[in-house]
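Asks: According to the working numbering, the sequence shown holds residues 6 to 221 in order.
Treat the hints as calculated values from the structure; they're not laboratory data. As the structure is a computational prediction, the values presented were derived from the model and not from experiment. Treat the hints loosely; a few may be bogus.
Claimed, not checked - Here are the simulated distance ranges between beta carbons: (1) 95 <-> 134: 41 to 51 Å; (2) 66 <-> 141: 47 to 57 Å; (3) 204 <-> 137: 49 to 59 Å.
Unchecked claim - Here are the simulated lysine-lysine pairs, DSS-like style, with alpha carbons at most 30 Å apart: (4) 172 <-> 146; (5) 219 <-> 198; (6) 160 <-> 172; (7) 142 <-> 219; (8) 142 <-> 110; (9) 110 <-> 219; (10) 219 <-> 160; (11) 172 <-> 110; (12) 172 <-> 114; (13) 146 <-> 192; (14) 219 <-> 192; (15) 103 <-> 142.
Glycine included, C-beta positions come from ideal geometry on N, C-alpha and C.
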Amino acid sequence: FAAMADDEVEQVAEDVEDLDLGMDKKKKKSKKKKEDDEDGDAPSGSRDPTELGPNDLFPYADILQRVYDAITENNPELMGGKKFTMVPPQVAREGSKKTVFVNFKDMCKRMHRTMEHVMSYFNAELGVACSLDPEGKLTFKGRFTPKQIESVVRKYMLAYVQCQMCKSFDSDLSKDSVTRLTFLECKRCGARKSVSNVEKGFHATNRADRKAAKAQ
């Protein structure tokens, strides 16, 4: 019986050793598989686009990065443009029947537009006579609030300053000597668009107008 007991103990020990060896083999196999995965090809998302097949999808993040790089390389000014900030109009009263746009000159300078062109737009929009003094202040006949003046400035900027393509306010107005058309040229994206002339606004009747009317 003692001999049989020893044989059984040895058999159990062998079974345990076989079990341990099986586990080690399994671990080594899984580790080897992991190393093969790491040494293998990279995921399809980071592959070169020339290696993709007709049914493969190019990752959106890579497409976006390629577009960003192309814009940065070909049009660097589009990526570093400064945001245009409009200064609120400073409005004051002159007597009881006149309104003065105090920082009118500075506003026109920021928009890169002549004071005469902006004044003609105010004349047409407000329907009142405007006058420009030597200091660059614009005077209107009538009472107007800063909000009304700011609204006219915004409308002017949308019509004669802002580029409709890239929405930039960095632009110039130029007049074609042949066609007599006025063009809005964007300095940022290069877009060019014709704009309508400022419609004739309010004109106060003066002595010359009355004489011309009588002569007819």
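Asks: Hint by hint, which ones does this structure get wrong, listed from lowest number up?
Replies: 1, 3, 4, 5, 7, 9, 10, 13 and 14
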